[in-house]
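> Sequence:
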Amino acid sequence: MAKLSPVQFENAYAGMIAGVIPLHSGDIDKSVFMVAQDVLGTARLHFLVAVDRDNSAVYYFAAASSAFASIPAFSTPLAAAMPGHPQHRGDGIYFLPDVSLSVAVEKIRDHIRLIANTPEVMADWLAGQSEQAVYLVEDDEAWAMESIPAAYRRIADGISLSASRYSLVVAAIALLLYVGAAIGVSVLNASADKSSQAHMKAINNAVTRIDFVSPLSQQLARMQKVSALVVRAGGWIDEYKVKNGDEKFILMMPAWITRDYIDALGSRVVADQTSDDNLIRIAQGVSLPGTLPAARGLKNKPVVVPR
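Quick note: to get this note's numbering, add 9 to the position in the sequence shown (first position is 1).
If you're looking for bench data, these hints aren't it; they were derived computationally from the structure. Watch out, some of these pointers could steer you wrong.
[As the list claims (entries may be wrong)] With a Cα cut of at most 30 Å, we get these calculated DSS-like pairs of lysine-lysine:
(1) Lys39 / Lys257
(2) Lys234 / Lys252
(3) Lys39 / Lys252
(4) Lys257 / Lys234
The whole structure should be built from the sequences, with the hints applied where relevant.
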């Protein structure tokens, strides 16, 4: 992996996210794209996907493609945090330090998250994670992140290769049968061509199908968005539930957050001050001390954030 400059390193990792979705029979790349697009707010993405079939999970990294404008080919050794990587060591913190930014991927059971901050802040954070193993990944094998166009070029190349193989098979059959029995050539060519077309159609359908629009996928995308926003602010999720499509949560956030963080969570949230002046509690669908339930007429009312 080529050594990145401090500016390139910060551009690449500052806005990167990590996540996991359930393994399913549909288009995995497209599923990850749908979730990452919702979280990052752009369709121009780079991503890295690793499938863990043993645990029926799909792990991914994603970032806006604009972060790689000055990096023609980007690979990350933090891929070691993903099951299936040759240097994956199991659960723990996979750590990549640099001059102005340090990055860690925390992998615990079926959860994964990416944390990036200054070396000083990350050192303090790591000091509080003594119960978890920490793995330095600087010398680990780096896996490449693909842009969306590159991913579909790869799939298209696979289709072309498949078509070429089928063409060679058809030609060989035709030649063999022409020598042995010319009358059978047209029948077998037609059969092989029909099989090739059916195979090509199936592959093309797999590339173009968008099948990640179920209620479960929408809930996963929403939860991923809330989680990414909370982590970015330096807070945590205290409670999160979805029942019959009704989303309820309680988030703990630093008191310094600006109004745009609140607005990004939707118009139904309420907030109140905790006993710790450095924290506020933000909720949806749950009553908080000194506030009304979020569902009662707050849709068009501003949320008052304690100062």
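> Determine for every hint whether it applies to the structure shown.
Each hint, compared with the structure:
{"no.": "1", "hint": "Lys39 / Lys257", "result": "27 Å, holds"}
{"no.": "2", "hint": "Lys234 / Lys252", "result": "18 Å, holds"}
{"no.": "3", "hint": "Lys39 / Lys252", "result": "26 Å, holds"}
{"no.": "4", "hint": "Lys257 / Lys234", "result": "14 Å, holds"}
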